[in-house]
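Q: Residues per chain are reported as follows:
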Amino acid sequence: MFLKKAALAGAVASLMGSAAFAADCGPSGKSVRILGSDFPAIQVVAGAAEANCAANAGEFTINLRDNTRDMMNQALTPNPAEYTSVIVANSTLTQLMNDGLVRPLDEYVAKYGQHLKPSQLITIGGNVMAVAFMANSQHLYSRTDVLEQAGVEGIPATVEEVVAAAEKIRAAGIMEHPIVMNMKVGWNVGEIFNLFFFANGGELFKPGSAEPNVNSPEGIAALGTIKSLLEYAHPDHLSHASNETQGLWEAGKAAMAIMWGSRGGAVLDDEGSSDEVTSNTVLSAAPTAGGGSTPAATLWWDGVTVAKNIPDEDAEATFAALVSGLTPDLMEEHNDKAIWLIEGFQPGPAAAGVSATAAAGAKPYPMIPFINLMHNALGSELVDFYKGDESAEDALADVEAAYRTSAKEAGFLQ
Amino acid sequence: MKGALGGPLQPIGFHDGAHAMKHRTFFWFILPTLSAMILFIALPIVSVFIQSLFVQHEQVLVVSESCGPFGCVEETQVDTEATAKLREEQPLGRFNGLATYFDRSHLASAEIAEVWHASTGLSSFIDGIMDLKFYKALVFTLTYTFVVTPLVLIFGLAVAVGVNNLPKAFRGVAIFISLLPFLVATIVGSMILSWMVDGEGIIGATLQNIFNDPSLSIKASTPLMWIMLMVYGVWHTLPFAFITFYAGLQTVPKDTLEAARVDGANKWQTMINVVVPHLMPLVSFVTLMLLMDNFRVFEPLVSFQAEAHAQSLSTFIVSDLREAGNPLYASASATSMLTILGVVILLTPVLIRTWRDFNAKAH
Numbered sequence: 001m002f003l004k005k006a007a008l009a010g011a012v013a014s015l016m017g018s019a020a021f022a023a024d025c026g027p028s029g030k031s032v033r034i035l036g037s038d039f040p041a042i043q044v045v046a047g048a049a050e051a052n053c054a055a056n057a058g059e060f061t062i063n064l065r066d067n068t069r070d071m072m073n074q075a076l077t078p079n080p081a082e083y084t085s086v087i088v089a090n091s092t093l094t095q096l097m098n099d100g101l102v103r104p105l106d107e108y109v110a111k112y113g114q115h116l117k118p119s120q121l122i123t124i125g126g127n128v129m130a131v132a133f134m135a136n137s138q139h140l141y142s143r144t145d146v147l148e149q150a151g152v153e154g155i156p157a158t159v160e161e162v163v164a165a166a167e168k169i170r171a172a173g174i175m176e177h178p179i180v181m182n183m184k185v186g187w188n189v190g191e192i193f194n195l196f197f198f199a200n201g202g203e204l205f206k207p208g209s210a211e212p213n214v215n216s217p218e219g220i221a222a223l224g225t226i227k228s229l230l231e232y233a234h235p236d237h238l239s240h241a242s243n244e245t246q247g248l249w250e251a252g253k254a255a256m257a258i259m260w261g262s263r264g265g266a267v268l269d270d271e272g273s274s275d276e277v278t279s280n281t282v283l284s285a286a287p288t289a290g291g292g293s294t295p296a297a298t299l300w301w302d303g304v305t306v307a308k309n310i311p312d313e314d315a316e317a318t319f320a321a322l323v324s325g326l327t328p329d330l331m332e333e334h335n336d337k338a339i340w341l342i343e344g345f346q347p348g349p350a351a352a353g354v355s356a357t358a359a360a361g362a363k364p365y366p367m368i369p370f371i372n373l374m375h376n377a378l379g380s381e382l383v384d385f386y387k388g389d390e391s392a393e394d395a396l397a398d399v400e401a402a403y404r405t406s407a408k409e410a411g412f413l414q
Numbered sequence: 415m416k417g418a419l420g421g422p423l424q425p426i427g428f429h430d431g432a433h434a435m436k437h438r439t440f441f442w443f444i445l446p447t448l449s450a451m452i453l454f455i456a457l458p459i460v461s462v463f464i465q466s467l468f469v470q471h472e473q474v475l476v477v478s479e480s481c482g483p484f485g486c487v488e489e490t491q492v493d494t495e496a497t498a499k500l501r502e503e504q505p506l507g508r509f510n511g512l513a514t515y516f517d518r519s520h521l522a523s524a525e526i527a528e529v530w531h532a533s534t535g536l537s538s539f540i541d542g543i544m545d546l547k548f549y550k551a552l553v554f555t556l557t558y559t560f561v562v563t564p565l566v567l568i569f570g571l572a573v574a575v576g577v578n579n580l581p582k583a584f585r586g587v588a589i590f591i592s593l594l595p596f597l598v599a600t601i602v603g604s605m606i607l608s609w610m611v612d613g614e615g616i617i618g619a620t621l622q623n624i625f626n627d628p629s630l631s632i633k634a635s636t637p638l639m640w641i642m643l644m645v646y647g648v649w650h651t652l653p654f655a656f657i658t659f660y661a662g663l664q665t666v667p668k669d670t671l672e673a674a675r676v677d678g679a680n681k682w683q684t685m686i687n688v689v690v691p692h693l694m695p696l697v698s699f700v701t702l703m704l705l706m707d708n709f710r711v712f713e714p715l716v717s718f719q720a721e722a723h724a725q726s727l728s729t730f731i732v733s734d735l736r737e738a739g740n741p742l743y744a745s746a747s748a749t750s751m752l753t754i755l756g757v758v759i760l761l762t763p764v765l766i767r768t769w770r771d772f773n774a775k776a777h
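Sequence lines, in order, name chains A and B.
The first sequence maps to residues 1 to 414 in our numbering.
The second sequence maps to residues 415 to 777 in our numbering.
The following block holds chain A by itself, in its conformation from the complex (with noise of 0.2 angstroms):
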């Protein structure tokens, strides 16, 4: 019996062995144990290093997941944590650095990371906190075909010009609701006014303080901004998330949309949709807004971290495994599942439109140990005024209250 688990072993060991020589998995018979969110990107790269240093660990487990930010936290806290490593974004790493859960990863980088860029590096305060492979925005999709046959010309580049195009398109009885966009209560709600609200030259706190600073002209423009879209959006839009949204356009049901970059490999395959929508989508950069030259979009990336409360060995053998997955070769396998930060990589037609909105100067997501709570009151507060029950003005007041409300309770203002 003995015998033969170890020659299965042997055997799994020798066929794994091409890629297990390739990569150096740093100390052997560690615990590696990766939790992220389940997407494709995501999917790869624990993948990849699950193929490479699996053999090299003694313990290799991956739980992809969804909601995983509503957990982390409470995983990484005892000691030693439940995993080695969470897989973040720039929201999530700031709601674990909060709580002091995540390591420092500046000398695993000097011994295993000489492939990575120094821009995939997140270096906060001096230290390296995370290496992030993948990029993501909210950018426009259109259906150059729906857009010509109602007279428009080219694809919109502002808002403005967003809701002419989708005003024809409802004048010309091809759809009464040419425009999806998430706008589900809660975090969507929330995230929309961001875009805007950055598009539109605002800052949600006043520099250097954690008081808000949403109720101002810039965040009366962002709703005014919103207000005129949804005009055209679809009746359901405040029950709308990325799912809905991905199916409502694979149905042809919407001409212009809001969505995540990541759901452009999704959206261009050929399942889920017809032809006729798929050959004439195009992804390119979010709407200006307001005559600004700021994409109305926030810039994300995703990148892999270490548990602060787990063994050096496990923490350096987590780190060897998770970035020696990160090279150009995986990426050339699976170019259009994400846009890669990785060196090398060239924009497909499902990056285009997060790369084009990178390059117009659409900010990054901000990561501010308070900004869930800003984001929070924004995404429950401004529902009242999508719903035509209140002005702008008392919306804006109510998110300010709210926030300074939770904000006191979490010990960020007096």
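Simulated from the structure, these hints should not be mistaken for laboratory data.
Since we're looking at a predicted model, the values are computed, not measured.
Ideal placement from N, C-alpha and C gives every residue a C-beta, glycine not left out.
Careful: at least some of the hints might be erroneous.
What the hints assert, rightly or not - Here are the simulated lysine-lysine pairs, DSS-like style, with alpha carbons at most 27 angstroms apart: (1) B:K547 with A:K227; (2) A:K227 with B:K550; (3) A:K227 with A:K168; (4) B:K681 with B:K582; (5) B:K547 with A:K387; (6) A:K408 with B:K499; (7) B:K668 with B:K681; (8) A:K308 with B:K499; (9) A:K117 with A:K308; (10) B:K668 with B:K499.
Stated by the list, open to error - Stretch-level coverage of chain B by chain A, calculated; a stretch enters the list once three of its residues show a Cβ under 8 angstroms from a Cβ in chain A: (11) 472 to 479; (12) 488 to 496; (13) 622 to 635; (14) 646 to 653; (15) 749 to 760.
Place chain B on chain A using the hints.
A: Chain B in isolation, oriented as in the chain A frame:
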């Protein structure tokens, strides 16, 4: 079967036993239940109450440069070492007394005073109050409770009487079908209905076609959403009332029914004067359960993605606890305590009534 078990045992259990049982025997009898209740219900409530009196420490903030794929910016970070030290000194947090209960997310005393001074009349005062999320949620929850509870009682009794009057051969099937809505998990049942009434779903799209209005949407209208939630609530909890009343109907004494018929009472009069009074203890029980459950309505709000139109105290608790990096424990605890208080207030009239009936029977 019933006679064999229920008959001889009843005198021991209900007449001699309860009154004659010594206090010491009674104590040992309920000790296991009592200790489980203290351990798993009373103590957690006390701990939630204590939690609601404290808020988080002041966060020590530092400004430092952060760099990434999109360039460098000066950003604020939490000084985790300094904050951890504060936390160690006072693990519960800063004492805040009952202030959380009266803040804007809860009873909002200061905001109400402000609205009172600023309002020009009753309608502007009500508008101001409805802008506060606690009261907005309370209005929905109470409306839901007081619409769904009586409807479930009435329809539950009607279905039970209907099934009871069916020929015996059909009763089993009828009971099974009537129980179906209860067997489907709330989250599944409401999800299915939610997809059907979606603008792209079979009911939603049909309505749009019938009224020839592509903007007609149940999910976009607060009144329609409320109606749908209540219809769903009635559909889902009806079987609970039905099966309880159906069981009760089996115990209505045949003699009394016959006597009523001999006295010339028609079916309706028999129902009102004989059957319903006999079922009153069950009506009180079902009312208690329904009031409690309906006041804590939660799953349908999630499944219908109704957050824009209807919130309940339970959805607030969940969203406070899920505030990702900054769970607001004090706020969630305060809302929990207020929910318990709300349930107690709702149940008091029913409990007083039951107590009076009990005393009237005992003497």
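Q: Given as covered by chain A, does the stretch 622 to 635 of chain B meet the bar of three residues or more with CB within less than 8 angstroms?
A: Since three or more residues must qualify, the claim that chain A covers the stretch 622 to 635 of chain B holds, with 6 doing so at under 8 angstroms.
Q: Is the hinted pair K681 (chain B) and K582 (chain B) satisfied, with a Cα-Cα distance of at most 27 angstroms?
A: Roughly 20 angstroms between the alpha carbons, so the hint for K681 (chain B) and K582 (chain B) holds.
Q: Holds or violated: the stretch 646 to 653 of chain B covered by chain A, criterion of 3 or more residues with Cβ-Cβ distance under 8 angstroms?
A: violated (count 0)
Q: Please check whether the stretch 488 to 496 of chain B has three or more residues whose CB lies within less than 8 angstroms of a CB on chain A.
A: holds (count 6)
Q: Are K547 (chain B) and K227 (chain A) close enough, with their CA atoms no more than 27 angstroms apart?
A: 23 angstroms, holds
Q: Has the stretch 472 to 479 of chain B got at least three residues whose CB is nearer than 8 angstroms to a CB belonging to chain A?
A: Satisfied; 7 residues make the cut.
Q: Given the hinted pair K308 (chain A) and K499 (chain B), is their alpha-carbon gap at most 27 angstroms?
A: Satisfied, since the Cα-Cα distance of roughly 17 angstroms is no more than 27 angstroms.
Q: Are the Cα positions of K408 (chain A) and K499 (chain B) separated by 27 angstroms at most?
A: Holds. K408 (chain A) to K499 (chain B) sits at ~19 angstroms (cutoff 27 angstroms).
Q: Sort out whether K550 (chain B) lies within 27 angstroms of K227 (chain A), counting only the CA atoms.
A: 24 angstroms, holds
Q: Please work out if K117 (chain A) and K308 (chain A) have their alpha carbons no farther apart than 27 angstroms.
A: 24 angstroms, holds
Q: So if I understand the rule, the pair passes when the alpha-carbon distance is 27 angstroms or less; does K547 (chain B) with K387 (chain A) pass?
A: 15 angstroms, holds
Q: Taking 8 angstroms as the C-beta cutoff, is the stated coverage of the stretch 749 to 760 of chain B by chain A satisfied by three or more residues?
A: violated (count 0)
Consistency note: the structure conflicts with the earlier hints numbered 10, 14 and 15.
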